[in-house]
Structure formats: C-alpha cells, structure tokens
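K.L.:
Protein chains in written order, with UniProt numbering: chain A, 1 to 691; chain B, 1 to 691.
Wrong hints could be hidden among the right ones.
Since the list can't tell identical chains apart, any single copy or any two copies may satisfy a pair.
Capping the alpha-carbon separation at 27 angstroms, the derived lysine-lysine pairs in DSSO-like fashion look like this [to be verified]: (1) Lys-499 with Lys-544; (2) Lys-615 with Lys-499; (3) Lys-633 with Lys-214; (4) Lys-615 with Lys-463; (5) Lys-463 with Lys-214; (6) Lys-214 with Lys-465; (7) Lys-465 with Lys-633; (8) Lys-499 with Lys-543; (9) Lys-463 with Lys-114; (10) Lys-615 with Lys-633; (11) Lys-615 with Lys-545; (12) Lys-499 with Lys-545; (13) Lys-633 with Lys-544; (14) Lys-114 with Lys-545; (15) Lys-545 with Lys-633; (16) Lys-543 with Lys-463.
Hints listed in this document are in silico derivations from the structure and should not be mistaken for laboratory results.
2 protein chains.
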Amino acid sequence: MESSSYWTAFLVFAGANLALLLFASSITAFIAPAAGGSGIPEVKAYLNGVDAPNIFSLRTLAVKVIGNIAAVSSSLHVGKAGPMVHTGACIAAIFGQGGSRKYGLTWRWLRYFKNDRDRRDLVTIGAGAGVTAAFRAPVGGVLFALESLSSWWRSALIWRSFFTTAVAAVVLRLFIDLCGTGRCGLFGQGGLIMYDVRSTAFVDGDLIMTYHLKDIPTVVLIGVIGALLGALYNFLMANVLRLYTAVNERGAGHKLLLAAAVSLLTSCCLFGLPWFAPCRPCPTAGMKNAGLASTTSSNGTCHSLNRFRRFHCPAGNYNDLASLFLNINDDAIRNLYSTGTNDVYHPGSMLAFFLASYFLGVLSYGVVAPSGLFVPIILTGATYGRLVAMLLGDHSGLDHGLVAILGSASFLGGTLRMTVSVCVIILELTNNLLLLPLVMLVLLISKTLADSFNSSIYDLILKLKGLPHLDGHAEPYMRQLTVGDVVAGPLRSFGGVEKVAHVVHVLRTTGHHAFPVVDEPPFAQSPVLYGLVLRAHLLVLLKKKEFFMATPVRCAKESIAGRFEAQDFDKRGSGKQDAVEDVEISAEEMEMYVDLHPFTNTSPYTVVETMSLAKALVLFREVGLRHLLVVPKACDRSPVVGILTRHDFMPEHILGLHPVLLGGRWKRLRWQKGAVTKYFRSLIVWIASSG
Amino acid sequence: MESSSYWTAFLVFAGANLALLLFASSITAFIAPAAGGSGIPEVKAYLNGVDAPNIFSLRTLAVKVIGNIAAVSSSLHVGKAGPMVHTGACIAAIFGQGGSRKYGLTWRWLRYFKNDRDRRDLVTIGAGAGVTAAFRAPVGGVLFALESLSSWWRSALIWRSFFTTAVAAVVLRLFIDLCGTGRCGLFGQGGLIMYDVRSTAFVDGDLIMTYHLKDIPTVVLIGVIGALLGALYNFLMANVLRLYTAVNERGAGHKLLLAAAVSLLTSCCLFGLPWFAPCRPCPTAGMKNAGLASTTSSNGTCHSLNRFRRFHCPAGNYNDLASLFLNINDDAIRNLYSTGTNDVYHPGSMLAFFLASYFLGVLSYGVVAPSGLFVPIILTGATYGRLVAMLLGDHSGLDHGLVAILGSASFLGGTLRMTVSVCVIILELTNNLLLLPLVMLVLLISKTLADSFNSSIYDLILKLKGLPHLDGHAEPYMRQLTVGDVVAGPLRSFGGVEKVAHVVHVLRTTGHHAFPVVDEPPFAQSPVLYGLVLRAHLLVLLKKKEFFMATPVRCAKESIAGRFEAQDFDKRGSGKQDAVEDVEISAEEMEMYVDLHPFTNTSPYTVVETMSLAKALVLFREVGLRHLLVVPKACDRSPVVGILTRHDFMPEHILGLHPVLLGGRWKRLRWQKGAVTKYFRSLIVWIASSG
C-alpha cells in the first residue's frame, strides 16, 4: 500500500483470503463434514440425548482447530468462540469414550466414564472450558454451558464445571506470565482481561464511566433496537442457511464455489469500502475526547497494527473505516469499547461498517468451514451502539465506549437469547462491575422482546438440521391427547427365551434400539411384561455365542456369570457401535435358543395408555429416558402396548397423526405471546374493577 | 471511655446489648417462632417440596426484619444475609399466595401464581433478590439461589431470577445516587461495591495485588486450613445447636435466659479482650506498608468510627484488638481486606480475635432470634487468612489483604460448601477480577476436602430440624429394594361414587393428602384404578354441598360445571389450609352420595410394585411428585397396592423396615469417600500394570 500500487495490494489481499478459506473449506468438506459451522447446536443436541454421528471424533477435532484458524485468518467475518466450544467438547468426549484405541490413546481408568450420564457431563464441562479459553472468562464459561447447552442440571455438575474452568483460567494465567515478557511474540500480548475498560479513567476531571437515572431511556432504546435487529438477524440467517444447504447438497464442488464467492465478496468489502471514507489527521492529545490519543507519536503519526490505519492516506492521517475493517476482530472491539474516544470515528463510517458487518455476518456463517458467531455479533453490536450514541449526541450523557458495550450486550441478547452468561462474560471481558445493572437491564429487554418474534439462532439451526431436540415444556395440544393416541406400531417384542433366528431377523429388519421382553407360558402363568432389552446388549450376546442352547429353557444365573464381564456391556464410543451386519451366525446356530432373562432391565419405566401425553413428556424429559413402555389399562390384552421414543413427542409426528389439532386454539402458539396477552387482559380487568 | 470511667462504659455497653437481644428474642419467641435462625434451611426445604407451616406469613416477615436489626445491633456475632434471604422469600411467597386477605393486600392478577410451581419459582427468585440486597451482588444472588437453595432448575427460572436481581441492583444504585450526597446520614455511605479492593493500587511503585506461580502453595495451604476449620465449625455448630434445642424446648423463659447468657458472654469478650492488647502509636504515612494511613490527621490522631479505635489508649495511639472487635462487621471486613496494611495488626491480636470470632460464631447462631451465618464466617475467614499471612512472613509474597480474601473464600467453602456463588459474590464484593482464579482454586480445595468429613451447615440444620429434604441421588441400599418392600399400609381409597359419611370419616381419621379412586362394579366391569383425588379438593367439595345426591349415580358433567370455578380449587396460602374440622355436615347429608369422578386426576404417575426403589426415587424427585401410586404386577388383585410419599424414601423409614441393610456393604456411605478410594485403587492398579 505504501508504494501506492493498490491493485497489487488488493490482489495479494484477496488472493491470500481465498487461498486460506478454500483450504479450510476443503479439509472440512472432504475430511470431516461434521466440523462445519460452529458446533454449538450439535453439542446442544448431544446434551439433550441426540447421538449424532461423528461430531466428536478425532478427525473432527483436528479439522475444527486447523480449519477455524484458517477461516478466521482469511478475514472472513466469523469468530472462534463456537469452534472452541466444540473443540473442548470433543476433547472431553474422547476422554469419555475411553480415549481412542485407533491411535493408542487409551487409559484403563477412563472406563468409569463409559456411561451416558458421565459422558454427557464431561461434554458439558468441556464446552464450558472452551468458552473460558475463548473469552478468558471462567465463571462465564460455567454459566454458558449450563444456561445454553445443558438440558439437565445438578449441583454436582456445577462445581465440576467450575473446577475445570478454574484450572483453564490458571493455565491461561500461567501462559500469560510466561509470555508476558515478549518471549512468545504476538502470542502473549493480551492480558487476562481482554478488553480492559477500567472504570476509573478520568478525562478533564470527570469520571467517564458514570451513569445516572436520566440515562435509563437510552439504555431501554438500545435494548429495543437490539431486539429488533437481533430478531431480523436470526430470520435472515435461517433463510440464508436454508439456501446454502440447498446449494451445498449438490456436491463438494458447489461447497468450494460458495466459499470462494463469499471470500471474494468479503475481500471486496474490506478493501473497497474504506476508499469512500475521507482521510483525517491523526488525533492529537489536545483534542477533546480523543482519549488515549497519546498513541500519537511525536512526529504526528498514529499508525499502528491495532488501532489507526493509514490505508491510502498521506502520512499523519488515518482512515477510520480502514481502522475498523482491517483490524482483527478483537482489536476492533477493543477500539470500539475504548472510553473517551467519542470523536475518533464518524457516523458515516460507522453506518457503513455496521451494514457491512451485519450482512457479511449473515452471509459468512453458512460457508462450509468451522466458523463462530459470537465475536462478529459482539462487533456488530458495538458498532451500532456507537452509532446510536453518535446520533443521540448530547441528549445522552453516556460515553460512547459504554454505549458500545451495551450495544454488544443487547445484540447478543437479541440473537442468542442468553442472559446471565452474557452478563458475566461481558463483566469478565471488561472488568467493569459498575456497568452490571445496565448490562442486565439491556439484556433482558432485548431478550424478552426478541423472544416474541422467533427463537434463538441455535434453536433455528437445530430445526434446520433436523435434530430432534426435545424441549422441557409440553405444547398445548398435548394435553388433549393420551399416550395411546401417538403410539405407532407394530410392536416388536421378544419372549423370555427366544430363538436366535427371530432375534437376528428383528434386528436386521428394524432400526429400534430397545425391545420389550414378554414372558409367555410356560415361563409364566399368563403373558406378563418381564422388562426391556437393548439392541446393543443383544448384539453383544450374539457375538459371544457360547450360551446358545438347543432347547428353550431358562439357564441358571451361575452359568452366565462367568462368561461376561461388566465391561462387555459398556457403552461404545461414537463411531464404534456394533452393527448387526458384523454378526456371523451359522444356520445351525440360528435354530438354537438364547435366554434373555439375565440381560433384561427388569425395572423399565412404564406409563398406562390412558396417561395424558403432556405428563408422559414431562416424565420422559425430566428423568432423561430413551424409551418409555406403554402398558394397557385393562388386563385382558397383551401386557405391553407400545414404546415411546423422542420421535413420538416431536410435533411433526403428533400433528401428522392428528392433523385436526393444527387448526384453531390448539395451534402451536409461541407461549409467551399468549401469556403476555393474558396478563395484560387481567391487568386491564383489575384496573377497570378497582377504578 | 474518654472520661476513664470504664465500669460505667462496660455497663452501658453490656446493658444496651442485653436489652436489644432480649427484645429480639422475645418477639421471636412469642410472636413468630418460625423467624428464628437464618431461615435458609427452611427456604431450602420449601423449595424441595416440604410445606413447613408459617415460615412465610406476614408475622414472620415483620419479626424477621425487626428482630434481625435488633440482634445485629446488640453486637451479637451474627450477620444479616441469611435473614435477608428469608425476608425476600417471604415477600415473594406472600405475592404467590395472592397477597394477604387479612390485611387487605390482595390483587386479582396474583391468582395466576396460585399453584405449586409458580410459588416455588417466586420464592427462589425472592431469595436471590435477598442475597443481592445483602451483598450488592446481582449475579451472585442468582447463582446462590440456584446453587444452594433450589432443587429443580430450568432456563426460564434463571432469566427470571436474573431480571429480579437486576431490578434490585438498579434500585440499590438509585438509592446510592440519592443518598450519595450525605442526605441520608449513615445510610448511604457505602458504594455499590462494598469492599472495594482495587487491583491497581500501588505502593512504592509495586503493584500490590499481583501474584505469581510461586504463590500457589500458599493458596493450597489456605484451602486446606479452610477445609479443616470449616468441617470442625460445622461439627461444633451441630452439637451446640442440639444442646440449645434441648434447652429451648423447656419453654420461653429458658430461651430468654440462653439469649441473655450469650449476650453477656459476647459483651465480656468484646469489651474485655482488648485490655490485653498493647497500645500502639497511630500509623503515619512514612511507615512502610501502612497503606491508606493518610487517615492519620495532622495532629497525629487516627481515630475514626470505622477504622482505628482508641479504646483506653492515650491520644495518638490505637488499640488494634479494639479496632477489630468494636467496629461493625462490615467495617472490620473492609479493614482486613485493605491492601498495603501489613503492619497495622499484630499476630497476637489477630489470633485472639480469630479464636473469639470462631467460638462466638458457633455459640451465637442458635440463640432464638433472627441471625445469619454469612458475614461472621467471612470475618472469621479473613482473620485467619491474615494470621496465616503474618506467620508465613516473607515466605509468601502475597499482600495480607489478598490472603484475607482467600481466607474468607476458603472458610465459606469449608462451612457452606458453595462454589460458584461464593466466587461471584466475592468478585462483586471486591471488584477484583484478577483474583478470580485464586479464589476458585481455594474454594474447590476447601470444599472437596471438607466434604469428606461432613455435610454443609444448612444440611446439618435441616436434619436437626427433622425436615424431610429429599436428595436427588439414591442411596446404595435402595438398589436392593423394590417399591413393594417399602409401601406401608393400610391403603385408604374411595369409590367413584362415594358415601359422604365415609369420606368424612377417612378425612378425619387419617392425615393423608391424597387418595386413589377405584371404580368398582357397576361403574366398571372389574375394579380399575380411576385416578387420584386430593384432600384439599375433597374439602372444597364438602363445603359446597349442592351436589350431594340421594342415590349413587354418576352425574353429568354439565351439572357440575356451573357450580364450580377454577379459583375454588386454587392452592391456599400458607396458614389458610382448609381443615376437616371446619366442615359441618348434618346427619341427613351424611347419608347422601358424592360423585368424585369430575374432580379426580385421571393421569396420576404410577409404578409397578416390582420397580427398583432407586428408580422410583429418581422418578419421584425429578418429576417433583408428592404422591406416587403403586400398581400390582399381576392383574388379579386390587388395582392399586399403595401410595408412596417422600417419607417413604427417607432413610429412617426404609432402614426401620429393613434393619438388616444397616450392616455391611449396604451401610449408608458417604459416597465421596467410596469414590475417592475407588479411583485411587484403580489409579494404583493402572500404575502397577503400566509400570
């Protein structure tokens, strides 16, 4: 740039961006497609009980880390926080499945974690550690994992997450200590607090970061704008992602083409738009509200790699739009948050940057590469916060940096709908406790208002990907249905002592993961439900064939005990599930019998078929079940009527069976709207009756 | 004191203390006994589903506020945080029960909260607001309510608590603004951050609040000491409370005598012990490590109402033990936390203050008056923190104020076993983010170590009071039992159409709150379970007598619908439960029949009698039930075998029925100890096998 060969500069810039992004896209598309996107929706679904394949494999981990580094370096408008969450969850999941035998990274003590609940807890903790690493916010990490990701809470999980994030914070601090003396190059430059906005900075004798009662309307305005912009962002993002999915489905070539197109668009915006901003002289210390303008050196230049950019301006001048576009995201946010810098940026540039940031954010996330949402949203929010402060001018007494922080918070509340975790993360990012009440207020206004339009981004992406995430609250129409109304047949069950051929046939022809075991005469007087047996355990049985018997009798417990260990029935790691195709049974063995009694769960959870569907959902979700047996009310039929799984509770299934519920009062309402109306109506009634 | 008439001073001091404490004790003992103590165990039990009487009435609220003010003013070594939590919960509960009709404070829109779950949520939120008000810590308030009090979590509850604490923080800030100019006297003196320990204070050019890797051993030592002292504190407290309960049971006179004795002991300690401390000259600005010693005025005196006390010393000198004892708790804590004041206090005084604070804390809590635990524990912890720092001397490079903060955190972790909430509360109290990793580390060490000795104070008090708090995890012996093993008879059930006399008889002779409704012929072909009916609803039925019928037939739904509204069946406020003694039935009405079908819950949760007790407990606790119906496995018996309530899951009941479980492997282990041993054993096995 300094030699004024601008086209060369542009080609170098755009070329490097394109190369990096194509690298990230290709490794994602060809090696580990599960590593694309931010990963947070997949982790959220996993913690709800949905076992999506391959999201936690070693390949995904490697591609996620390398791909994200490449994608962020390519100036794409994406962040790193989401991929770090997925990375942390990956590492935890790999521990939970006992390491990776394929690569020789396994330890015996890890086998204690080979069950559903411990693996889920480990993933929650790992995700929290990821947030801690991204924002250097230990308490924020715990709260994020518990508020946005986890479906079930308990006290023990909280202090375990806490321990993990504390260790992560201490290790971070250690690295900062080690690298603090400049030995690590650019690596150690940041402090423990990323955007340190000290609340005791003074300018002209006035405390900058102060606020008063008359500032509340400004805060409310920021919250409302954040809600509207956030809801619109979610809406646009959902539609863009739908479009991108249609494009990406056509093949890897289309994925790379899309990535290339977005990269070129980004490069053009980043390089092209600053040409429209006028050059201005560097801010001097004498200028009012130029804040930390002592960065202007003695010969009048203020250029640095992280604040003011010269771009095409003559020496001693700076281009404010280039200073926003061409700095890395973290530095741009720091600059926007800096206090006492009210006159450094100009409204026109801020507006241009805001629009570019907003729409580039919507367009960039769906590219097939590991990408995050957080930091672009924080940046966009800070931008419109400053813009609003500039437009309000003297009507608001708040410092522009402060309003930028509030803008970030409100935009985060409007898009991601997080409250406590964002508050604590912002507190830990800016080290400013006095701001806390304002940040809380702005978050709540934006979240409440935005919730009346649509769901958070992660929920929209979950629906787009078709992951069957089960919410905790029952929809209104569920109260009108009983369990018997949604149970779909036919029911496949096994006898207590079953022929091997029948077992293999059922396993091959259906995809169910659990089967009821019914004891028929002569093992019981009348058909009675004995329990529930899992497909995984049946496959273990079929692989060890020593127990097959020629005649259908119940075997003694002792004869079984010596042949199996508890580890044989451990939950397998992801990607290592047993498949029925791997089981080889000879024709002679097919005619033999296997006793299922010792391997059956004799205490399955059951509901009567007349139970309200809403109550059954509460039971299913709160206890965390995968299968729920339905028993008949009267005793004269088969002892088990059906099995419910999470798919039976999904709206698509229920409304598909009973389309009459779609119309009228039983339509799936956004419950907040109904509740708000109800409260307003009763409030009006009260006013009328007491007046 | 200045006129050296020391006995008069002592008499005035002790007399005022005695009068205030006797006032607090008498209003508690005579007006509202439920207001004694801190109230947090009662709130915790309520949030677990235990409906203890009178803990949330208006009388309790008034006595709690006034009594706590009096108790704290009487120099008793108690705090105000616990009572504030109870106060907040009271206010919320009063809203939840629809205001108080007795005092005319009721609004119609409150009727939407008249159900179990909303009332419980309101109480959780109110408790969080109480913590916020006590510590000016909004995020800490949310986390405290969710970590220590609440038994069930959901995302909606978190952001609702968050909203409440945000509003509380904004109102606080408003008051501070208003009172900041001194218009409110002493009321507005504090800032939003109570113990502002800024991390950028410098002395002699060195940053005070810094720490390095070599400080980790000191931190670990603080944590271990905190755990040991905390576990001992809990043990002593439990035994002292047991003794006090035995004394208090003898009558109100004994309660007042005990209160008087403790008050006199406290006055003697507070007034008498400073006599043993030597007088020292006021710290001057020239003294090293005297910190904010610019409080020493020009004529050499440093006395003030909140820092240095002169006591009996000549002018220009101060008595450091008096400075600790005779300041209010908040000021004492602030002084102990102040940085750069390493030489202001002396080890002997610190030790004396620590011992007095420790044992007075144990002895004072059980007095019949509203008292809190938090602030005394923080103070005691700060004291031994400083003591350890003094004893370590130059081996530790940490500032003594910093170690005092860590001491408080470790003692809180050792006694109350809270982690995330304490961390955030301390962060909000001291506004020092850089300390966060150290505080987290110290909390976790102390909590983990102390958990291997005994439970937290609140759990010990819960057991002492006999409140049936139900934990989430199943004890080991429960896996050996089925539901049928613990169901206690006889079972009282009603027919679908029942004679009024029978209903009244059963309600009068039993204390059960729910009864199964069984349809016999001719209403059904064979006896079948129809549902579950609640005592409260039966009493509503009995009070409205229009529906009684002369012959046992099922009435049509329409004839019922017009006579009842939903509000008739609302959950009553505490203390306003309907009682069967209030129901007046004439002999003629006794012979009539009532149709229970429209008022029965037709979807009760049921378990089969062969279900494992551990699984039934999980269902009971996770779904949040009060009654769980037990149905038989075979169909040829009565359609319902029994009902389980929380008392059936209590260890006393189960082990009382099956004393054989007490011995051997099924003894109720402290699970952590077993898990730790198990992990160590497997670790040793791994080391041995891999070595």
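K.L.:
Each of the hints needs a verdict: does it hold here or not?
P.N.:
Cross-check of the supplied hints:
Proximity of Lys-499 and Lys-544 under a CA criterion of 27 angstroms is satisfied intra-copy only: 15 angstroms inside one chain copy versus 62 angstroms between copies. For the homomeric pair Lys-615 and Lys-499, neither the shortest alpha-carbon distance inside one copy (37 angstroms) nor that between copies (31 angstroms) is at most 27 angstroms. For a Cα distance limit of 27 angstroms, the shortest separation of Lys-633 from Lys-214 qualifies neither inside one copy, at 65 angstroms, nor across copies, at 69 angstroms. Proximity of Lys-615 to Lys-463 under the C-alpha cut-off of 27 angstroms is restricted to the intra-copy arrangement: shortest distance 24 angstroms within a copy versus 32 angstroms between copies.
For the identical chains of this complex, Lys-463 and Lys-214 are neighbours neither inside a copy (42 angstroms) nor across copies (50 angstroms), given an alpha-carbon limit of 27 angstroms. For the identical chains of this complex, Lys-214 and Lys-465 are neighbours neither inside a copy (46 angstroms) nor across copies (50 angstroms), given an alpha-carbon limit of 27 angstroms. Neither within a single protomer nor between protomers do Lys-465 and Lys-633 lie at most 27 angstroms apart by alpha-carbon distance, with minima of 38 angstroms and 42 angstroms respectively. In this assembly of identical chains, Lys-499 and Lys-543 lie within 27 angstroms of each other by CA distance solely inside one copy; the values are 15 angstroms within and 62 angstroms between copies.
Proximity of Lys-463 to Lys-114 under the C-alpha cut-off of 27 angstroms is found in neither arrangement, the shortest distances being 29 angstroms within a copy and 35 angstroms between copies. Taking the shortest Cα distances, Lys-615 and Lys-633 sit within 27 angstroms of each other both inside one copy (16 angstroms) and across copies (22 angstroms). Taking CA atoms no more than 27 angstroms apart as the test, Lys-615 paired with Lys-545 passes in neither setting, with 42 angstroms inside one copy and 32 angstroms between copies. Only within a single protomer do Lys-499 and Lys-545 lie at most 27 angstroms apart by alpha-carbon distance; the minimum there is 13 angstroms, versus 62 angstroms between protomers.
In this assembly of identical chains, Lys-633 and Lys-544 lie within 27 angstroms of each other by CA distance neither inside one copy nor across copies; the values are 39 angstroms within and 33 angstroms between. Taking CA atoms no more than 27 angstroms apart as the test, Lys-114 paired with Lys-545 passes inside one copy only; the shortest distance there is 24 angstroms, against 60 angstroms between copies. Proximity of Lys-545 to Lys-633 under the C-alpha cut-off of 27 angstroms is found in neither arrangement, the shortest distances being 39 angstroms within a copy and 33 angstroms between copies. For the identical chains of this complex, Lys-543 and Lys-463 are neighbours neither inside a copy (38 angstroms) nor across copies (51 angstroms), given an alpha-carbon limit of 27 angstroms.
Hint violations for this structure: numbers 2, 3, 5, 6, 7, 9, 11, 13, 15, 16, all remaining hints satisfied.
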